[in-house]
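The task is simple: from the sequences and hints, build the whole structure.
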Amino acid sequence: EDQVTQSPEALRLQEGESSSLNCSYTVSGLRGLFWYRQDPGKGPEFLFTLYSAGEEKEKERLKATLTKKESFLHITAPKPEDSATYLCAVQGNSNYQLIWGAGTKLIIKP
Amino acid sequence: DVKVTQSSRYLVKRTGEKVFLECVQDMDHENMFWYRQDPGLGLRLIYFSYDVKMKEKGDIPEGYSVSREKKERFSLILESASTNQTSMYLCASSFGLAGVGTGELFFGEGSRLTVL
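Just so you know, the protein sequences line up as chains A and B, in that order.
Residue numbering for the first sequence follows the working numbering, starting at 1 and increasing by one per position.
Residue numbering for the second sequence follows the working numbering, starting at 1 and increasing by one per position.
Each hint should be verified, as a subset may be incorrect.
Rough simulated footprint, nothing fancy, chain A against chain B, three-plus residues with beta-carbon under 8 Å [claimed, not checked]: (1) 41-50; (2) 104-111.
When the alpha-carbon atoms are kept at most 27 Å apart in a straight line, the in silico DSS-like pairs for lysine-lysine are as follows [as the list claims (entries may be wrong)]: (3) B:LYS70 to A:LYS63; (4) B:LYS55 to A:LYS57; (5) A:LYS59 to B:LYS71; (6) A:LYS42 to B:LYS13; (7) B:LYS55 to A:LYS42; (8) A:LYS105 to B:LYS3; (9) B:LYS70 to A:LYS42; (10) A:LYS109 to A:LYS63; (11) B:LYS57 to A:LYS59.
Derived by calculation from the structure, the hints in this document are not laboratory data.
Owing to the predicted nature of the structure, the values given are computational and were not obtained by experimental measurement.
Heads up, the beta-carbon is just placed ideally off N, CA and C, and yes, glycines get one too.
As structure tokens, then:
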């Protein structure tokens with residue numbers, strides 16, 4: 001069964017304290033892995049797509065990486081405005097619908 | 001700016017009432033989706049549509065129906081609302097043919113429904 005697990009559920013960091021969020025997945029043939037950001041009371045906003053192991057994508061203080069079993073979202077020197085819930089989703093070759101993780105709530109304290 | 005607009009941000013309904021949630025996108029996307037989001041759970045797909053008048057069941061279609069009469073508009077209907085349908089409902093759209101699409105979804109701001 002296709003599955004996505006994100007950890008930790010919540011992460012509190014001081015401003016400038018770098019860390020990583022994890023997304024572990026099992027899927028029959030990975031078509032793509034996707035990261036989204038969701039602010040309170042808003043819909044998710046697309047960040048990255050990763051297609052194959054070894055691939056990396058960057059955007060400002062965020063870098064997403066992919067292996068055959070998991071993806072990491074690395075946050076370098078975060079700022080309070082990076083506080084949000086980060087969602088991971090995968091799309092497999094057998095079922096094109098996205099399978100979503102429950103998200104990691106990131107809180108950056110000034 | 002591309003946009004997905006959901007008609008109501010907050011609704012309070014009583015058990016047994018009929019509820020309509022409407023969603024409009026201005027990007028000429030083929031695919032449209034309705035998800036519900038509950039604390040501690042990932043987004044769960046209720047229904048999706050890959051073309052006008054076409055619809056496919058998602059993971060949790062029971063108690064819901066949908067309508068897509070125009071390409072830009074996708075409506076979610078709760079025929080008889082129940083308390084376990086209290087949730088955040090998210091509409092999304094994407095490019096692509098026959099529901100395959102890309103994983104890049106554009107979401108609306110959500111409709112928070114409370115059923116008393």
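Which of the numbered hints above does this structure break? Hints 3, 4, 5 and 11 are the ones this structure does not satisfy, whereas the remaining hints hold.
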